[in-house]
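There are 4 protein chains.
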Amino acid sequence: MSFNTFGRVFRFTTWGESHGPAIGAVVDGCPPGIALSEGDVQPFLDRRRPGTSRFTTQRQEPDQVRILSGVFEGRTTGTPIALHIDNVDQRSKDYSEVALAYRPGHADYAYDAKYGFRDYRGGGRSSARETASRVAAGAVARAVIPEVTILAWVEAIGGDSIDYAAFDPAEIANNPFFCPDAEAAVRWETMVDDARKAGSSLGAVVACEAIGVPAGWGAPLYAKLDAELAAACMSINAVKGVEIGDGFAAAALTGEQNADPMHPGNDGPIFTANHAGGIAGGIATGQPVTLRVAFKPTSSILTPMPTITRDGAATELRTKGRHDPCVGIRGVPVVEAMVALVLADQKLLHRAQCGGGDR
Amino acid sequence: MSFNTFGRVFRFTTWGESHGPAIGAVVDGCPPGIALSEGDVQPFLDRRRPGTSRFTTQRQEPDQVRILSGVFEGRTTGTPIALHIDNVDQRSKDYSEVALAYRPGHADYAYDAKYGFRDYRGGGRSSARETASRVAAGAVARAVIPEVTILAWVEAIGGDSIDYAAFDPAEIANNPFFCPDAEAAVRWETMVDDARKAGSSLGAVVACEAIGVPAGWGAPLYAKLDAELAAACMSINAVKGVEIGDGFAAAALTGEQNADPMHPGNDGPIFTANHAGGIAGGIATGQPVTLRVAFKPTSSILTPMPTITRDGAATELRTKGRHDPCVGIRGVPVVEAMVALVLADQKLLHRAQCGGGDR
Amino acid sequence: MSFNTFGRVFRFTTWGESHGPAIGAVVDGCPPGIALSEGDVQPFLDRRRPGTSRFTTQRQEPDQVRILSGVFEGRTTGTPIALHIDNVDQRSKDYSEVALAYRPGHADYAYDAKYGFRDYRGGGRSSARETASRVAAGAVARAVIPEVTILAWVEAIGGDSIDYAAFDPAEIANNPFFCPDAEAAVRWETMVDDARKAGSSLGAVVACEAIGVPAGWGAPLYAKLDAELAAACMSINAVKGVEIGDGFAAAALTGEQNADPMHPGNDGPIFTANHAGGIAGGIATGQPVTLRVAFKPTSSILTPMPTITRDGAATELRTKGRHDPCVGIRGVPVVEAMVALVLADQKLLHRAQCGGGDR
Amino acid sequence: MSFNTFGRVFRFTTWGESHGPAIGAVVDGCPPGIALSEGDVQPFLDRRRPGTSRFTTQRQEPDQVRILSGVFEGRTTGTPIALHIDNVDQRSKDYSEVALAYRPGHADYAYDAKYGFRDYRGGGRSSARETASRVAAGAVARAVIPEVTILAWVEAIGGDSIDYAAFDPAEIANNPFFCPDAEAAVRWETMVDDARKAGSSLGAVVACEAIGVPAGWGAPLYAKLDAELAAACMSINAVKGVEIGDGFAAAALTGEQNADPMHPGNDGPIFTANHAGGIAGGIATGQPVTLRVAFKPTSSILTPMPTITRDGAATELRTKGRHDPCVGIRGVPVVEAMVALVLADQKLLHRAQCGGGDR
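Chains as they are written, first to last, in my numbering: chain Y, 1 to 359; chain F, 1 to 359; chain S, 1 to 359; chain E, 1 to 359.
Just chain Y, same shape as in the assembly (with noise of 0.2 Å):
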């Protein structure tokens, strides 16, 4: 099966490929009456766009957003959200090597494996630019939860990570990496530049940090708030790893390194300490919710690779053609969606169960 919805209440459906004529999402189970229009969407995938400097792909889409349906008169109507994004620059290309070879990485082979077929135009489906359309629907998902502040960030490229005393909020949208260190910036110029222009690529770490989150919103026990948030960042294009809080480093900690004390507080309790990352039993216990995703380097290099022809021959490629050098730079505003969309869905569910505020 090709599940292509996300969401157990507030719930999103992505289609479209690559180079199809346009890309989509179906936001369903938004809560009426929520002031939206496509003033609101468009600035999100702005951060995403492509083209917008040399260290993305110099694909050029314009990625304008418009709202087919629910929204009447400025409002959520509380049926669903049809978002819709034409392509643009789908270039036409001889994708001839392609459709007959498997690039190393891409999920090319598996998708014939799966399907016997697939729509190899930059990549069809498997292309990371089905995530504009996540992007789209968790625009949507910020306006369900004022409550919360998402933001993200890049905190290393290829193994070069960023000087958290230098730790500058505002600094992100200054550079073209979504770097909160001023100094890394510049290294990571740099870095990707060399990588662009030998062809090759680096990989990322984006780390993200949700404050404003409610003790109280997760499902235990299989739709617990870190295993969604786990499951819908691995499910973004090139993800190798998801950790919350400290993740794999709290497996080198003992139980007194790694505790969270509490402390009366007027409005909840204090915890002098964050490394479960805001989360317990798959709860939120009000703490700020962090988590880091790892992305492995773009697999489109130039180097030739040796891979193999869809009849099984021996033969090389190297991948021509525009793309991202680090994958996981356009990866910020991706993740930053992706947990916007598990708070939406958490925040109604808690309230389908306990209630909402007003237990």
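By construction, these hints were calculated from the structure, which means they are not laboratory data.
C-beta atoms are modelled at their ideal positions from N, C-alpha and C, and glycine is treated no differently.
Some clues are possibly wrong.
[What the hints assert, rightly or not] If you want the footprint, here are the derived chain Y segments under chain S, 3+ residues with CB under 8 Å:
id, region
1, 18 to 32
2, 345 to 351
[What the hints assert, rightly or not] Label-pair ranges, simulated between beta-carbon atoms:
id, chain 1, residue 1, chain 2, residue 2, range
3, Y, Ala-198, E, Pro-43, 25 to 31 Å
4, Y, Pro-43, E, Ala-170, 55 to 61 Å
5, Y, Gly-312, F, Asp-168, 31 to 37 Å
6, E, Ala-170, S, Asn-266, 24 to 30 Å
7, F, Gly-116, S, Pro-62, 32 to 38 Å
8, Y, Pro-43, E, Pro-43, 29 to 35 Å
9, E, Pro-176, F, Glu-147, 55 to 61 Å
10, F, Pro-306, S, Gln-60, 58 to 64 Å
11, S, Gln-60, E, Gly-33, 53 to 59 Å
12, F, Arg-91, Y, Pro-264, 55 to 61 Å
13, F, Gln-60, Y, Pro-264, 34 to 40 Å
14, F, Gln-64, Y, Ile-270, 41 to 47 Å
15, F, Arg-91, S, Pro-62, 28 to 34 Å
Let chain Y serve as the given structure and place chains F, S and E on it in line with the hints.
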């Protein structure tokens, strides 16, 4: 909501609290005609069973499983399989302390924040005792995927990793740590003993490999094989991170370093590397599916920690009673079970859409 | 697939065969803090219990329910509620005839066609015994919707209908037919007795009314209140038709005849007719929700019927053993349970999207 | 919640309002490799298209469908199929009356009660215009089940039934009523014309038969084939009742009268009756699957009816504008589509659990 069901078409639902009369699982969607008896399930429960060495909790539970439905004359009928495990050793103790104050790092506070109320006996529903139900269900899943071999082990405890040069799968059953490196097992004996005696605890990393997963299993885009594995593992108690293949390490690589070249083979392509962990675009490639799971140290420690009471007053709590000094150890059969459950589901999903092997 | 779970956010899963050791249900998503004990469930099971008059099967089942999880100190905790009913009177008989040949009108042939194999003892999973689990789950659902009163009754047996002029709800509990018309009950006694003695069986129509359903419950478009009710009732054994409001009679009316005019009222609009059965556009209007359910005559009859063996040979079969001469009678508590289960689900769904009463 | 998705593994999601810019559906889970083009979908939309005779609404919609994704080189790829239909004839009219008062029998009041707010233009989301999306999706479903032939027709209008002795399937396409009895079609012409001129409306019964459904399709217990058909049909606008096989008539029969005897046949059993409508225990028996669906008369009538305003004041409303005098007529292609959608889902479900024909 409290979604206690996992899976799309091969689904299981678990129920039960740590100190209730019993726990169990209902497995729905199992294909008919598969040989199954309690004898096929019990060995997996025995591997996870508490109280078998001094390195796990001393609670004595026989974990005898009964199959109450869905099997007739030794074969599955295609109807729900009810798996029932009586709780035997719910030690009658004084819970007044835990009832009134929140154990730091536990789900106590979050459950109260969500439900306004909780079964505080032994952690209630948030207890790792629930994982016995998963292991039982996982045994059914294994019967659905005889083509796949799943093996997990502890890779590191408290930051001390095995040496993969010394990896010996036969060793895993020879020590109480599911450790494939005999020398590491000796070191861990001291480490875990020390932690236990000090009333402390240690984190751990569990690694898992599934061999024989056919190329093509996986359900893009929001039930990708890796996304489902991430959700399945993150839903296990104490898990804080999941990696597929190289995971976070891939984020520090270049595209050339991370490539998995393909060569012609008699039985599908031969890959000369497996950085991707056997999954591309959310679909299995036919290589071994590899993952790593981070377990935090058990939150229950004897060192008093600041916390608050249900009424919001400051207090201190040291968690007495029986617990695992390293909860990751018994995570090994649970990770295996969750991987089996995901793969059984994906097998049936693939058959639904693509007709299985008979395309 | 064999989907043994019903519901979207208030969900239940049933398991068990007619002649297995036990049957049961797991109710998931129940709000926390609701008073619930076995004493709240047992009376509903007692109403459905077999063997209480000569007009139902003579199988003697005490149907004692046990709550194995999800309730603590007399209140629901928000975690899954496991309901367990032991089978006691699985009469040890010779099933060789049923094992080898298909009873006409029963699910025997269809189960074999689907699964290649079946538990033939007492109909196995296809037996109406499963409806005891529904009734138990329905009792939990009722506790979730205290604002709603649900009442069902038998409207007709073998084509002989009650006289609604003589409708007396108090009468329903006064006879073994759930009949609200005392005179009809007398007639039915003879009719059902005759059928029973002749080894024949009779069909029946069950009517149901739910009062107090708030305007606004209902989830358009594919979980419309009426669509969910239709699915819920059609899933009951022997049901062949479902009507909402005037149902098929409405198809013979004009728009003027079928109109439900609205007038101002102090507490919502006053409707001067209810042809619609309290549902418009799939959403409750605040009027009583009314439905009718058609039960076919029990397929088990003593008259020999031509059929085939598992090997495809011609044979004849008369269905001996214990059975209900009119399965629709005991359908009354089952229909009530299914209506309660749908409404509890819709209440929580409405609260999820629209915030319940606090909009 | 507003669940606008139907199906378990072959799923479709619809979106769009009567007077929005477009409507559409996303079909997910379609098997790959199936020949599909817009030319396969358009004929079904043309059958349902409004404005083609004086017996349907005069709204002129070309209902040209575009496939925006999921098809490549003339074959389905296994990824979501986006079907897009532009709204063309959203007549710009004065909606102030409908905006302020509730049309009796329509969903106006219920939508306001649920959402606090509604798109009142042409009924918004509650309009039968949405069924165009279903018909488009249904055309895809048909391509998935080539072994099945689905045929629906109008059996009665305003209580006047066809004569089954005169049943001629070829006649169905020969009149604007989908009527298989040429004489009845003549009578209905007068009846519907009279109703139309009087500003009145008529109810109708639609019957449907699916031939070629293999024995074994069906997913007990809560996705039984008949339960899914009931939900699917009851979700159609104006439907108030659904029957499988003999339906309510079976409730007046004895077991002997209702029996479907089986005899040996070369290609499965031969049944000498089909009271059950081809379904036993929720599973297809291989006989024709038969159902009947009751459509109420269109609620829009010219006779003024008492109603209330949004502010709760008394008023009267006569529903002007374009509408179908008998909404059941155009229900024929919609019923066929819903049956096709259920069967495609059940086919894949059966394949998932039981491996399809290759068991």
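Hints and how they fare:
By the rule of at least three residues with a Cβ nearer than 8 Å to a Cβ of chain S, the coverage given for the region 18 to 32 of chain Y holds, with 4 such residues. Under the rule that three or more residues need a Cβ within less than 8 Å of chain S, the assignment of the region 345 to 351 of chain Y holds, with 3 such residues. Take Ala-198 of chain Y and Pro-43 of chain E: their Cβ atoms lie about 55 Å apart, and the range 25 to 31 Å is violated. Between Pro-43 of chain Y and Ala-170 of chain E the CB atoms are about 59 Å apart, so this pair conforms to the stated range of 55 to 61 Å.
The hinted window of 31 to 37 Å between Gly-312 of chain Y and Asp-168 of chain F holds, with their beta carbons roughly 35 Å apart. A beta carbon spacing of about 58 Å between Ala-170 of chain E and Asn-266 of chain S contradicts the range 24 to 30 Å that was offered as a hint. Remark: the range hint 32 to 38 Å for Gly-116 of chain F to Pro-62 of chain S is upheld by a beta-carbon distance near 35 Å. At about 43 Å, the CB distance of Pro-43 of chain Y to Pro-43 of chain E disagrees with the hint of 29 to 35 Å.
In this structure the hint that Pro-176 of chain E and Glu-147 of chain F lie 55 to 61 Å apart at CB holds, the actual value being about 56 Å. Taking 58 to 64 Å as the suggested C-beta distance range, the pair Pro-306 of chain F and Gln-60 of chain S conforms, at roughly 60 Å. Our hint of 53 to 59 Å for Gln-60 of chain S and Gly-33 of chain E holds, since their Cβ atoms are close to 56 Å apart. Look at Arg-91 of chain F against Pro-264 of chain Y: about 31 Å separates their beta carbons, and that is not inside 55 to 61 Å.
For Gln-60 of chain F and Pro-264 of chain Y, the Cβ-Cβ distance of about 38 Å falls inside the hinted range of 34 to 40 Å, so the restraint holds. In this structure the hint that Gln-64 of chain F and Ile-270 of chain Y lie 41 to 47 Å apart at CB holds, the actual value being about 45 Å. Here the CB-CB span from Arg-91 of chain F to Pro-62 of chain S is close to 32 Å, well matched to the stated 28 to 34 Å.
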